[in-house]
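Participant: One-letter residues, chain by chain:
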Amino acid sequence: MNDVLTGLLQESVSGIALGCIYALIAFGFTLIYRATEVVNFAQGELMMVGAYVNFFFVTQFSGVLGGVNFWVYLFAFAGSIIFAILFGILLDYIINRPLKDEPVFSVIMATISLAIILRSLTAIIAGPISLVPASPFGDNTFNIGSVVISILDISIIIWTIVLMAIFYFFFNKTRWGIAMKATSTDPEAAQLMGIPIKQVYRFVWIFAALVGVIGGVLLAPRMALLDTNISYLGLKAFPAAILGGFGSIPGAVVGGIILGIIETISMGTLSFHFEWVKEINDIIVWIVLIVVLMIRPNGLFGIAKVKRV
Amino acid sequence: MLKMVGVETFYGKIKALHGVSLGVEKGQLVCILGANGAGKTTILKTICGITEPEYGTIHFNDEQIDHKDPEEIIKMGISHVPENRRIFPELTVNENLLMGGFLIKDKDLFAERFEKVTAHFPVLSKRSSQQAGTLSGGEQQMLAIARALMLEPQLLLLDEPSLGLSPKLVQEIFTIIQDLHQAGVTILLVEQNVNQALKIADYGYVLTSGKIFLSGTYDELYEEEKVREMYLGEGKYVRRARLWRS
Ligand SMILES: Nc1ncnc2c1ncn2[C@@H]1O[C@H](COP(=O)(O)OP(=O)(O)OP(=O)(O)O)[C@@H](O)[C@H]1O
Ligand SMILES: [Mg+2]
Numbered sequence: 000m001n002d003v004l005t006g007l008l009q010e011s012v013s014g015i016a017l018g019c020i021y022a023l024i025a026f027g028f029t030l031i032y033r034a035t036e037v038v039n040f041a042q043g044e045l046m047m048v049g050a051y052v053n054f055f056f057v058t059q060f061s062g063v064l065g066g067v068n069f070w071v072y073l074f075a076f077a078g079s080i081i082f083a084i085l086f087g088i089l090l091d092y093i094i095n096r097p098l099k100d101e102p103v104f105s106v107i108m109a110t111i112s113l114a115i116i117l118r119s120l121t122a123i124i125a126g127p128i129s130l131v132p133a134s135p136f137g138d139n140t141f142n143i144g145s146v147v148i149s150i151l152d153i154s155i156i157i158w159t160i161v162l163m164a165i166f167y168f169f170f171n172k173t174r175w176g177i178a179m180k181a182t183s184t185d186p187e188a189a190q191l192m193g194i195p196i197k198q199v200y201r202f203v204w205i206f207a208a209l210v211g212v213i214g215g216v217l218l219a220p221r222m223a224l225l226d227t228n229i230s231y232l233g234l235k236a237f238p239a240a241i242l243g244g245f246g247s248i249p250g251a252v253v254g255g256i257i258l259g260i261i262e263t264i265s266m267g268t269l270s271f272h273f274e275w276v277k278e279i280n281d282i283i284v285w286i287v288l289i290v291v292l293m294i295r296p297n298g299l300f301g302i303a304k305v306k307r308v
Numbered sequence: 000m001l002k003m004v005g006v007e008t009f010y011g012k013i014k015a016l017h018g019v020s021l022g023v024e025k026g027q028l029v030c031i032l033g034a035n036g037a038g039k040t041t042i043l044k045t046i047c048g049i050t051e052p053e054y055g056t057i058h059f060n061d062e063q064i065d066h067k068d069p070e071e072i073i074k075m076g077i078s079h080v081p082e083n084r085r086i087f088p089e090l091t092v093n094e095n096l097l098m099g100g101f102l103i104k105d106k107d108l109f110a111e112r113f114e115k116v117t118a119h120f121p122v123l124s125k126r127s128s129q130q131a132g133t134l135s136g137g138e139q140q141m142l143a144i145a146r147a148l149m150l151e152p153q154l155l156l157l158d159e160p161s162l163g164l165s166p167k168l169v170q171e172i173f174t175i176i177q178d179l180h181q182a183g184v185t186i187l188l189v190e191q192n193v194n195q196a197l198k199i200a201d202y203g204y205v206l207t208s209g210k211i212f213l214s215g216t217y218d219e220l221y222e223e224e225k226v227r228e229m230y231l232g233e234g235k236y237v238r239r240a241r242l243w244r245s
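Sequence order for the protein chains is A and B. Terminal number for the first sequence in numbering that gives the first Met the number 0: 308, no gaps in between. Terminal number for the second sequence in numbering that gives the first Met the number 0: 245, no gaps in between.
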């Protein structure tokens, strides 16, 4: 019994870490949805691009600095963040601005195209082989009692918490953050306040790119191999967002984390002890989703109406 | 101060304004009257750049402002209290005022304006950290006006500020408008409460189907039988309606 408990605890930590990645993707996704009503199907691809770009920087910097060390990871991370900001600005120019007067549906189609293009481009540039990402923490672990915890997982969790705290502060305490919330609920009224909404939308895309890229940077070291398929993890943003309550930012984060925990535990302990769980591993997330929606149709943090009509 | 000449505004292919010309002098309270769908809101939206005119020109203090972005126009000293208040329901009262003063970069100036505005609307300071969506209709209207006053505009555009309020609150709103007028704020007011609006206005324009149909002072407009009939509750339409009811 003790073993089961240890296993569950261990998987919970690892599940939270995975869930943090989902949470970041769902967060970026919700941010764009709230501000523009656009469902961004390329959020997972933003993460994938982040993972690759970071890998590229690690390789480059380790060449310059003579081997992989702490500084390499730090510089690579900084480089990825700068890249993300530029990438967000670019996306605002190519996706958001040209289509600003078009129906939301056209923009959604554009994000689908973007997703496909990013996947192909990445495959072309990086070549067909899978890469082996390195982790700044190696396989290091530490123990709490008999529970073994990976330092990488803990660092993912801490990064996510820090990031969310920064965003929370920004959206609730700063003039620009509140202006972004105001623009999301009523762009026309926001314009009447003199809020430059074009700039607000640019910020939204930059943030979405930032959380996507950071998600990718954090996720890659957890993967044995890095290939373009990790972008499909981005699709988990949907159940995460729906679970938490579509359009709710805390909902997206909590939904993502719950998803990560459920997935990890069902693939681990539950599959080990119950043969049938193994069979339904792939769909367990969706089962949970349907059950939650049956009890709370608007999700956990559901807001019945996201936008004023 | 404000001069619109031959302005035509479209929503897609639908023409909402058919060559509207009007002027507002400094310190005046000018009122726009018109039936539902006449284009009153469109005039105000066109002035502050939410919708762009296809033809015609708009000048504010001798500077051309058609085709400028709303944020530039607001910066020049025009504030707009939109139809249906349009406060930010999820933000608190204070955050709404913060948004009203979004363009004020200087912290001290902001604090000063904030003091002034909340002193003018004591109801709001009592509810400072309440979500604006939970305010009553009257309080929301006060907030919408207070929010627009944060920038101390030279020209204030008010779109049906008394809409949906009880007679007592309508009275209160009109008192506020008159106070602002007396304090020297230039006001362009759209109203359905025609009688009351015309009484406090220096000048009125009557709009029908996107065209200025008549204009004049209260007395001049009162002379016009059509205006009396349609808006001032003395015409045959009203009498017929009364007959119908009784
Ligand atoms: N966003 C829009 N898209 C298409 N047509 C519009 C839009 N807004 C207004 N219109 C049309 O333009 C015309 C003028 O509308 P406007 O809102 O300016 O009228 P109004 O005088 O303010 O009416 P009300 O008294 O009902 O507020 C109407 O025929 C309306 O249907
Ligand atoms: Mg109107």
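Note that these hints are calculated values from the structure, not bench results. In this text the structure is predicted, and so the values were computed from the model without any measurement. Even glycine gets a Cβ: it sits at the ideal position worked out from N, Cα and C. Some hints here could point you the wrong way.
Okay, the calculated bits of chain B under chain A, using three or more residues with CB under 8 Å as the criterion [as the list claims (entries may be wrong)]:
(1) 65-71
(2) 158-170
Cross-link-like lysine to aspartate or glutamate pairs, in silico, EDC-like; alpha carbons within 20 Å at most [stated by the list, open to error]:
(3) A:K197 / A:D91
(4) B:K74 / B:E7
(5) B:K210 / B:E51
(6) B:K25 / B:E51
(7) B:K14 / A:D91
(8) B:K12 / A:E101
(9) A:K180 / B:E89
(10) A:K99 / B:D68
(11) A:K172 / B:D61
(12) A:K172 / B:E89
Take a look, some chain A residues computed to stay more than 10 Å from chain B by CB distance [said to hold, decoys possible]:
(13) D2
(14) V12
(15) G62
(16) I84
(17) A114
(18) G126
(19) I194
(20) G267
Participant: So is G267 (chain A) really clear of chain B, every C-beta pair being over 10 Å apart?
Facilitator: Nearest chain B Cβ is 40 Å from G267 (chain A), so the label holds.
Participant: Hint check: K172 (chain A) vs E89 (chain B), CA-CA at most 20 Å. Holds or violated?
Facilitator: holds, 14 Å
Participant: Check whether the Cα positions of K12 (chain B) and E101 (chain A) lie no farther apart than 20 Å.
Facilitator: holds, 15 Å
Participant: Is K180 (chain A) within 20 Å of E89 (chain B), Cα to Cα?
Facilitator: Roughly 9 Å separates the two Cα atoms, so the pair holds.
Participant: Is it true that the CA of K14 (chain B) sits at most 20 Å from the CA of D91 (chain A)?
Facilitator: Roughly 31 Å between the alpha carbons, so the hint for K14 (chain B) and D91 (chain A) is violated.
Participant: Does K74 (chain B) pair with E7 (chain B) here, judged by a C-alpha cut-off of 20 Å?
Facilitator: violated, 24 Å
Participant: For the pair supplied as a hint, K25 (chain B) and E51 (chain B), is the alpha-carbon distance within the 20 Å limit?
Facilitator: violated, 24 Å
Participant: Below or equal to 20 Å on CA atoms is what counts here, so check K197 (chain A) against D91 (chain A).
Facilitator: holds, 9 Å
Participant: Would you assess whether G126 (chain A), listed as outside the interface, keeps its beta-carbon beyond 10 Å of every beta-carbon in chain B?
Facilitator: holds, 46 Å
Participant: Test the statement that V12 (chain A) is away from the interface with chain B: the closest C-beta pair must be farther apart than 10 Å.
Facilitator: Given that every Cβ of chain B is farther than 10 Å from that of V12 (chain A), nearest at about 34 Å, it holds.
Participant: Mind taking a look at whether chain A covers the region 65-71 of chain B? Criterion is 3 or more residues with CB to CB distance under 8 Å.
Facilitator: Coverage by chain A holds for the region 65-71 of chain B (3 residues, Cβ < 8 Å).
Participant: For I84 (chain A), which was marked as not at the interface, is the minimum beta-carbon distance to chain B over 10 Å?
Facilitator: holds, 23 Å
Figure legend: structure checked against the earlier numbered hints; hints not met, in rising order: 2, 4, 6, 7, 11, 19.
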